[in-house]
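*Asks:* If you want the building blocks of each chain, they are given just below.
2 protein chains.
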Amino acid sequence: MDDRYEMFNGGLSRKIEVGELKVPFREIPISTGETLKLYDTSGPQNIAPGVGLPKRRASWISKRKQRGDTNFSQLHYARKGMITEEMQFVAIREDVTPEFVRDEIAAGRAVIPSSICHPEIEPMIIGRNFLVKVNANIGNSRVSSSIEEEVEKLRWSVQWGADTVMDLSTGDDLTETREQILRNSPVPIGTVPIYEALELVKGKVEDLNIDIFLEILERQAKQGVSYFTIHAGVLLHHVPMTAKRVTGIVSRGGSIMAKWCLHHHKENFLYTDFDKICELMKRYDVCFSLGDGLRPGCIADANDEAQFGELIALGELTKIAWKHDVQVMIEGPGHVPMHLIKENMDMQLEHCHEAPFYTLGPLITDISPGYDHISSAIGAAMIGSFGCAMLCYVTPKEHLGLPNREDVKQGLICYKIAAHAADLAKGHKGAQDRDNLLSEARFEFRWEDQFNLALDPGIARDYHDETLPNDASKTAHFCSMCGPRFCSMQISQEVREYAAAHALKESEVLQAGMAEKSSEFSKSGGEVYVPNK
Amino acid sequence: MDDRYEMFNGGLSRKIEVGELKVPFREIPISTGETLKLYDTSGPQNIAPGVGLPKRRASWISKRKQRGDTNFSQLHYARKGMITEEMQFVAIREDVTPEFVRDEIAAGRAVIPSSICHPEIEPMIIGRNFLVKVNANIGNSRVSSSIEEEVEKLRWSVQWGADTVMDLSTGDDLTETREQILRNSPVPIGTVPIYEALELVKGKVEDLNIDIFLEILERQAKQGVSYFTIHAGVLLHHVPMTAKRVTGIVSRGGSIMAKWCLHHHKENFLYTDFDKICELMKRYDVCFSLGDGLRPGCIADANDEAQFGELIALGELTKIAWKHDVQVMIEGPGHVPMHLIKENMDMQLEHCHEAPFYTLGPLITDISPGYDHISSAIGAAMIGSFGCAMLCYVTPKEHLGLPNREDVKQGLICYKIAAHAADLAKGHKGAQDRDNLLSEARFEFRWEDQFNLALDPGIARDYHDETLPNDASKTAHFCSMCGPRFCSMQISQEVREYAAAHALKESEVLQAGMAEKSSEFSKSGGEVYVPNK
Numbered sequence: 001m002d003d004r005y006e007m008f009n010g011g012l013s014r015k016i017e018v019g020e021l022k023v024p025f026r027e028i029p030i031s032t033g034e035t036l037k038l039y040d041t042s043g044p045q046n047i048a049p050g051v052g053l054p055k056r057r058a059s060w061i062s063k064r065k066q067r068g069d070t071n072f073s074q075l076h077y078a079r080k081g082m083i084t085e086e087m088q089f090v091a092i093r094e095d096v097t098p099e100f101v102r103d104e105i106a107a108g109r110a111v112i113p114s115s116i117c118h119p120e121i122e123p124m125i126i127g128r129n130f131l132v133k134v135n136a137n138i139g140n141s142r143v144s145s146s147i148e149e150e151v152e153k154l155r156w157s158v159q160w161g162a163d164t165v166m167d168l169s170t171g172d173d174l175t176e177t178r179e180q181i182l183r184n185s186p187v188p189i190g191t192v193p194i195y196e197a198l199e200l201v202k203g204k205v206e207d208l209n210i211d212i213f214l215e216i217l218e219r220q221a222k223q224g225v226s227y228f229t230i231h232a233g234v235l236l237h238h239v240p241m242t243a244k245r246v247t248g249i250v251s252r253g254g255s256i257m258a259k260w261c262l263h264h265h266k267e268n269f270l271y272t273d274f275d276k277i278c279e280l281m282k283r284y285d286v287c288f289s290l291g292d293g294l295r296p297g298c299i300a301d302a303n304d305e306a307q308f309g310e311l312i313a314l315g316e317l318t319k320i321a322w323k324h325d326v327q328v329m330i331e332g333p334g335h336v337p338m339h340l341i342k343e344n345m346d347m348q349l350e351h352c353h354e355a356p357f358y359t360l361g362p363l364i365t366d367i368s369p370g371y372d373h374i375s376s377a378i379g380a381a382m383i384g385s386f387g388c389a390m391l392c393y394v395t396p397k398e399h400l401g402l403p404n405r406e407d408v409k410q411g412l413i414c415y416k417i418a419a420h421a422a423d424l425a426k427g428h429k430g431a432q433d434r435d436n437l438l439s440e441a442r443f444e445f446r447w448e449d450q451f452n453l454a455l456d457p458g459i460a461r462d463y464h465d466e467t468l469p470n471d472a473s474k475t476a477h478f479c480s481m482c483g484p485r486f487c488s489m490q491i492s493q494e495v496r497e498y499a500a501a502h503a504l505k506e507s508e509v510l511q512a513g514m515a516e517k518s519s520e521f522s523k524s525g526g527e528v529y530v531p532n533k
Numbered sequence: 001m002d003d004r005y006e007m008f009n010g011g012l013s014r015k016i017e018v019g020e021l022k023v024p025f026r027e028i029p030i031s032t033g034e035t036l037k038l039y040d041t042s043g044p045q046n047i048a049p050g051v052g053l054p055k056r057r058a059s060w061i062s063k064r065k066q067r068g069d070t071n072f073s074q075l076h077y078a079r080k081g082m083i084t085e086e087m088q089f090v091a092i093r094e095d096v097t098p099e100f101v102r103d104e105i106a107a108g109r110a111v112i113p114s115s116i117c118h119p120e121i122e123p124m125i126i127g128r129n130f131l132v133k134v135n136a137n138i139g140n141s142r143v144s145s146s147i148e149e150e151v152e153k154l155r156w157s158v159q160w161g162a163d164t165v166m167d168l169s170t171g172d173d174l175t176e177t178r179e180q181i182l183r184n185s186p187v188p189i190g191t192v193p194i195y196e197a198l199e200l201v202k203g204k205v206e207d208l209n210i211d212i213f214l215e216i217l218e219r220q221a222k223q224g225v226s227y228f229t230i231h232a233g234v235l236l237h238h239v240p241m242t243a244k245r246v247t248g249i250v251s252r253g254g255s256i257m258a259k260w261c262l263h264h265h266k267e268n269f270l271y272t273d274f275d276k277i278c279e280l281m282k283r284y285d286v287c288f289s290l291g292d293g294l295r296p297g298c299i300a301d302a303n304d305e306a307q308f309g310e311l312i313a314l315g316e317l318t319k320i321a322w323k324h325d326v327q328v329m330i331e332g333p334g335h336v337p338m339h340l341i342k343e344n345m346d347m348q349l350e351h352c353h354e355a356p357f358y359t360l361g362p363l364i365t366d367i368s369p370g371y372d373h374i375s376s377a378i379g380a381a382m383i384g385s386f387g388c389a390m391l392c393y394v395t396p397k398e399h400l401g402l403p404n405r406e407d408v409k410q411g412l413i414c415y416k417i418a419a420h421a422a423d424l425a426k427g428h429k430g431a432q433d434r435d436n437l438l439s440e441a442r443f444e445f446r447w448e449d450q451f452n453l454a455l456d457p458g459i460a461r462d463y464h465d466e467t468l469p470n471d472a473s474k475t476a477h478f479c480s481m482c483g484p485r486f487c488s489m490q491i492s493q494e495v496r497e498y499a500a501a502h503a504l505k506e507s508e509v510l511q512a513g514m515a516e517k518s519s520e521f522s523k524s525g526g527e528v529y530v531p532n533k
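The listed protein sequences correspond, in order, to chains S and Z.
When we follow this note's numbering, the leftmost residue of the first sequence carries the number 1, and every step to the right adds one.
When we follow this note's numbering, the leftmost residue of the second sequence carries the number 1, and every step to the right adds one.
Chain copies aren't distinguished; within one or between two, either way the pair holds.
As a list, the in silico DSBU-like pairs of lysine-lysine whose alpha-carbon atoms are at most 30 Å apart:
| # | residue 1 | residue 2 |
| --- | --- | --- |
| 1 | Lys244 | Lys426 |
| 2 | Lys244 | Lys37 |
| 3 | Lys429 | Lys244 |
| 4 | Lys222 | Lys55 |
| 5 | Lys429 | Lys342 |
Please keep in mind that the hints were generated in silico from the structure rather than gathered at the bench.
Chain S extracted, bound-state conformation (with noise of 0.2 Å):
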């Protein structure tokens, strides 16, 4: 084993930094002497809570400070025609120009969130010119959970690959939560602020108003959050529209601006007072994610009036921010059936204007408590590779109760194989490598390279390990799917070398009476079992 390497996730590999920004990437050894060079979630390990981070963005953003600047948005800069030392960062990291990336984001079609704040973070990308990312939930509730264990999350998720976490905690403790979480974050962090207005307002939606939400925006600001969502689309006139709804408003903040507007009989004042919201968010450089407070429940309510009328009005409000020079995504759905996905994007990007979408999901049945990560998974896989940027990841416990470790884990397998698959499909350069190398080692029998090569290299390990445990095992050249006779691949590596010694072409295949290949194979090829060597 070469030392250089460790275990990491149950599969050797290890951390490098390229270039003068220290850019991180996972570097995965190979047996024929190869290596793959794979993005990197995981930020620097082994370092207490109580420390922190590094600090790795406080001179890139001090120096903007030092020159005067008041908006501080990434998109500001993009569209002076600056590259920050953040789009360098991402153009490494994502293997483009950093002309490429500032003009994504100049035009609105990408974000980069990273709160001023917040200098811990690693820099990230979310368009759909880049590779599709992933999203973790975590947060307590009054009914459960700890400030550790959030923390504890924080660092699982990123180690299984969360480019971003928003903590949705709703308990008690709120700052000093996130204060942790951020510290300790390689990751731009979101929230839903309204969560924690709503606390301060003691639960009553009716006490809420622009002053107390822009108090806590500011609180949360300062502290680094880096994209909010907020629920500005929820007009009065939709809330009748979600009355016929079998699963009615499904999003928390949704449901509390649609009482608000009930009570007061007045529009949202996220959508009336939004110019105020956007210039706080500019000085931190907070990008929205504007919350879809009315996304569908169930499949029943998919596609509905209320739900693209929503949209409509993120749209608007997407240009209003835009005006700001403030960064913009768009939350979406949800629970959708299959053939209704594509609408969605379809709808999205041309309501609003390409800015980057970033969905829960959709599932695509309601049928499936306790898989709710594999449903929503397949929704993902499917709105990923028709141009969504952004996988909000749903673990097994949805709709069920809170998520565990393992629940986490679980999630977010399954979204980095939706993320990945919808690289796939959208013919991203440099995605198909690790299938092909994975694919290479798994012909040529080469089980450790296909463990290390592997989403979660412990698993493939232990799974292969449960029918064949010795060690000789693992360099045999069958496996106990089919046991040694019929090994599909044993018996397609001698095709493949006996069509290369002969040069074989499907031309001379096709002359009739080649007696003489026919007897020429009998020799060369030999039995199909071969023996464990």
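We have chain S; now place chain Z onto it with these hints.
*Replies:* Below, chain Z without anything else, positioned relative to chain S:
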């Protein structure tokens, strides 16, 4: 608890039988007084393996023998305009007319695999205008597993919804294993007879010939196998097309036939002697499952000339089989990235004249060993929505080892999700009823109804109880995800009640100055927090 119901897979339900033919369904009780009638594959319960299942088709078949029939295929009867008991049975099962069933079979668009030597079958139909079906593979190999284990896997498979089961045994005791499986199976059993043929020639591929193959077919047909995977489309000139592939030939049957072709430098005897095979199969009504011996084994090899070359050959063979009135379905890949899936379905419909398609996955990436049930369920759901009639499950052990009991269950749940999602996407009549009932139960916090309506009631209940174990919480009007204060469903219900009470219309809400409505809401709505009832 209504004592007509019992616990089954962790949820309350009961088996019911409909009509003279005693067509089985599963009935789920709902606390509102409604019931839901579901398609049920579980077969007669609590029968000792040594006894075997009741032979419900025995009288139907003996009647046909008495009148001197020689071609027993459902296609033969359908083309003569006859409606068999099997067709009547599936008509009730699928909630369509017997005439529709007959016409779909006569057109070759659907098959009822129902060997006359397997009278224990509860007939089922495979075709894209019916519910999407799921196959589970079981079977021992030389490395692992026993007969008892395989029979138990069969029972476990139908308990979790397998519509057909393939016995892929390649180890010892092939005949006895198959006999035990058949006598205990309420679902059609498929096999890949070339495996047993190869055992007969002691693994020497070159010694295979049509006579040996027909001998094995006869043996298996007499036992009651209902469909044979036969790799008759692997032609000599296809073989060199696979030499450039990343993973060559990954089908065991395909690689055996390729080796045979190369060795003898002759055309595949399954192709050249296809008529003889048809003659045999119609005497038992064994259905062809024309094997995709050249299916791609990795993303890089998808949709290549070898794969589609074979598909075109399978189309030719379909026409030959139909000349004999033998039923046909066509097997498909494998590993295919999402954007290339639809082409598979389109090509299959075009070249194979709408014979039912039966695919393995496809997996939409190669990087997920240990989670290939999930990767492949994504591809399966998609191809199902495009018209694939039956989905062959993949378990978490794919590529790594032999599935155990839990793996079989995980594979089946994933594929029941995929098949159901495909039914929804196709707008299949009644498919959404279960989703709607479950979602209504979710909206109204009827937890027990949610569990009973779930694909896996036991897991749904366990996950719920992990966070909120006490009985009171099962009637709580919130769940552990949001806690009481943030429950969107609760708020939503308030909105709905308010809307209903006041016959609220969109136009009214839009009128300004309706202060009266706002104060009414304050009076009627109460707090967001509703104490546990």
